[in-house]
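All chains should be built: construct the whole structure from the sequences, respecting the hints.
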Amino acid sequence: MAYNVKEVVANKPSRFMAGHRMCAGCGAPPVARMFLRALHEDDHAVICGATGCMEVSTFMYPYTSWTDSFIHTAFECAGATLSGAEAAYRSLKKQGKLSDDEHTKFIAFGGDGGTYDIGLQSLSGAMERGHDMVYVCYDNGAYMNTGIQRSSATPHFADTTTSPAGTKVPGKMQVRKDLTEVMASHHIPYVAQTIATANFKDLYEKAEKAIYTKGPAFVNVLAPCPRGWGYPTDELMQINKLAVDTCYWPLYEVENGKYKITYKPAKKLPIEEFLKPQRRFKHMFKPGNEWMIEEFQKELDERWEALLKLEEITNKE
Amino acid sequence: MSIRERLSGNEAAAIAMKQINPDVVAAFPITPSTEIPQYFSTFVSNGSVDTEFVAVESEHSAMSACIGAEAAGSRAMTATSANGLSLMWEMIYIASSLRLPIVMSLVNRAVSGPLNIHNDHSDAMGVRDSGWIMLFSENNQEAYDNLLMAHRIAEHKDVLLPLMVCQDGFITSHSIENIELVEDEKVKEFIGTYKPEHYLLNRKEPMAVGPLDVQTYLFEHKYQQANAMRNAKKVIEEVSRDFEKMTGRKYSFFEEYKLSDAEVAIVCMNSTAGTAKFVVDSLREKGVKAGLLKVRMFRPFPAEEIANALSHLKAVAVLDKADSLNAAGGALFEDVTSSMYVNKEQVPVVNYVYGIGGRDTTSYEIEGVYNDLMEIAKTGEVGNPYRYFGVRREK
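Residue numbers (this note's numbering), protein chains in the order written: chain A, 1 to 317; chain B, 1 to 395.
Just so you know, these hints were derived from the structure itself, not from any lab. Treat the hints loosely; a few may be bogus.
[What the hints assert, rightly or not] No farther apart than 35 Å at their CA atoms in a straight line, the calculated lysine-lysine pairs in the DSBU-like style are these:
id: 1; chain 1: B; residue 1: Lys233; chain 2: A; residue 2: Lys12
id: 2; chain 1: B; residue 1: Lys245; chain 2: A; residue 2: Lys94
id: 3; chain 1: B; residue 1: Lys188; chain 2: A; residue 2: Lys94
id: 4; chain 1: A; residue 1: Lys94; chain 2: B; residue 2: Lys186
id: 5; chain 1: A; residue 1: Lys97; chain 2: B; residue 2: Lys18
id: 6; chain 1: B; residue 1: Lys18; chain 2: A; residue 2: Lys6
id: 7; chain 1: A; residue 1: Lys214; chain 2: B; residue 2: Lys395
id: 8; chain 1: B; residue 1: Lys314; chain 2: A; residue 2: Lys268
id: 9; chain 1: A; residue 1: Lys6; chain 2: B; residue 2: Lys188
id: 10; chain 1: A; residue 1: Lys97; chain 2: B; residue 2: Lys234
id: 11; chain 1: B; residue 1: Lys378; chain 2: A; residue 2: Lys94
id: 12; chain 1: A; residue 1: Lys93; chain 2: B; residue 2: Lys277
id: 13; chain 1: A; residue 1: Lys12; chain 2: B; residue 2: Lys18
id: 14; chain 1: A; residue 1: Lys94; chain 2: B; residue 2: Lys157
id: 15; chain 1: A; residue 1: Lys94; chain 2: B; residue 2: Lys277
id: 16; chain 1: A; residue 1: Lys286; chain 2: A; residue 2: Lys6
id: 17; chain 1: A; residue 1: Lys276; chain 2: B; residue 2: Lys245
id: 18; chain 1: B; residue 1: Lys204; chain 2: A; residue 2: Lys276
id: 19; chain 1: B; residue 1: Lys195; chain 2: A; residue 2: Lys214
id: 20; chain 1: A; residue 1: Lys93; chain 2: B; residue 2: Lys188
id: 21; chain 1: B; residue 1: Lys18; chain 2: A; residue 2: Lys286
id: 22; chain 1: A; residue 1: Lys93; chain 2: B; residue 2: Lys157
id: 23; chain 1: A; residue 1: Lys97; chain 2: B; residue 2: Lys245
id: 24; chain 1: B; residue 1: Lys195; chain 2: A; residue 2: Lys97
id: 25; chain 1: B; residue 1: Lys18; chain 2: A; residue 2: Lys214
id: 26; chain 1: B; residue 1: Lys157; chain 2: A; residue 2: Lys97
id: 27; chain 1: B; residue 1: Lys233; chain 2: B; residue 2: Lys277
id: 28; chain 1: A; residue 1: Lys209; chain 2: B; residue 2: Lys204
id: 29; chain 1: A; residue 1: Lys97; chain 2: B; residue 2: Lys277
id: 30; chain 1: B; residue 1: Lys289; chain 2: A; residue 2: Lys209
Please read all numbers here as calculations on a predicted model, not as lab measurements.
Okay, structure coming up:
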């Protein structure tokens, strides 16, 4: 059946409840809510949160926003923690201690700090071991929970509190790590990169595939942060749209090694369109800094071209 | 009929785990405990256990996976040593705060640095305030027996704390000794099935574990943990009594060896107790009233009981196989002396730091300690209470 956002929102109960303390205009809560809507209604889920904005804002004792079972242990080990829960599930099922007809799905949520950086080893281990689980990274491109410090997901030149745009050093001087590609190199059954678009189709479909693909899956979701990026809170969805229309954040999936770009903008917009509304890139628009925008565009074009080639190569008969 | 075998300490631990048949084992190899997960993987590969073995990529992930597995509603176990435990340290506290009765085999080894793979107790001393129950074992038999008692203690509803069974790296982990094993069926019956009250995989009652716990709640949660540790004393007593009924082997908070009529005594843990017993016997033949107190239950610490047991002595030496580097004395020494002070037992007590990084501990050195104690008993002069033996140093 074709995807219909009204059907999904009307017929599938939210498993991520209102009342949490995430900021207005944050990109992460819509991701969690829509992702969990992709769960089949009869299926139970064990969700694991890495320490970060989402975890501290959604599960502050004695309240929780999660209607499924939820576990948080520490910052760097959502992958390992959830892999333990999944191993327990397999063990108990094998021994007949859980009935055959009940199904539990395992989903981890971590920010880019808990995923690209401190939790990369734990994630890599869990994926390599083949646990039947999904790891979702909500990537807001810096350590936002502790106050906007640079991460390896922070884009080139961005102004953060540990890569401040100063008079000698104009922001973060290193390029962004491509974690989706790192995860694709694990040769796991399903890897995807997505974003919350206006009708959530791309996100929802990839969530469903990730959850119901047997074995490990990784989904990287760009989740803008109004505090860290510096955009008005009501412009979240426009920022998301610009991220995909400039090909800053290509939407694609890698299913059993085959790449598929799920959105190719009819007209690829120049990167300025994405950079301009954000305070973190403001210094790039000062006279004399044109080279920064040029360099940014060049890097982005190279990555987009490489992705197009990967799609072509992996789909050759 | 019990089974007579010859096993190393690591084999004994692995056999105990096989008989316990936990649902999940997550472990990462580190000398000298590597053999435990190694033997155990063989049991998994040959289908002699029902366990899912999670071959994690680090000890941090080993403890994280054990936490996930135990919270999910299964029995989880692991084994480690030294730096492995150091890497787990963050998760060690989280495991106990989430009240998960995970059981660990800790094969004691010196924590780096510099790197050293041999035995001392610096790994265990680093987690002495982490909220884990800590049982120490003189030999392979005790390491095995303590593991068989572990789940009954840890999973008790008044306790619900993780538990580690310690034994000395190489000294007992790699030495083959005679051992009496309990039959599989008896072990199964003794341990019983694990029925957690709340668990993640219970779809009828979804639960949330590990919140952000701010000023308004954390104190109360920590107080509950402290109470659980207080409760553990009674439970350890009960389980040890049941174990004695099954095997005839008696376990208490500590072992008193020729202590009741002794005038001087040593307090120590793990394998050194074996050497000390040999020295006590030879001194007794010479008419010296020497005794020994071997601590089995280090956490919870039996403060009042130890103070009482040492109250009649003329001098006591506490042996610490880890230096606290605090210019005041080792951890066991401080626990013993403060227990005696609080219980108003005024006996001269000295501390010896020894055996660091696997430095061999000889019967002559132990005898030297008893000689010092007799001198203290005679003169009443303690002098420097923070002493060493077996270390080369400038005179």
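Report the numbers of all earlier hints that the structure fails to satisfy, in ascending order. Hints 1, 6, 7, 8, 9, 11, 12, 13, 15, 16, 17, 18, 21, 29, 30 contradicted; others consistent.
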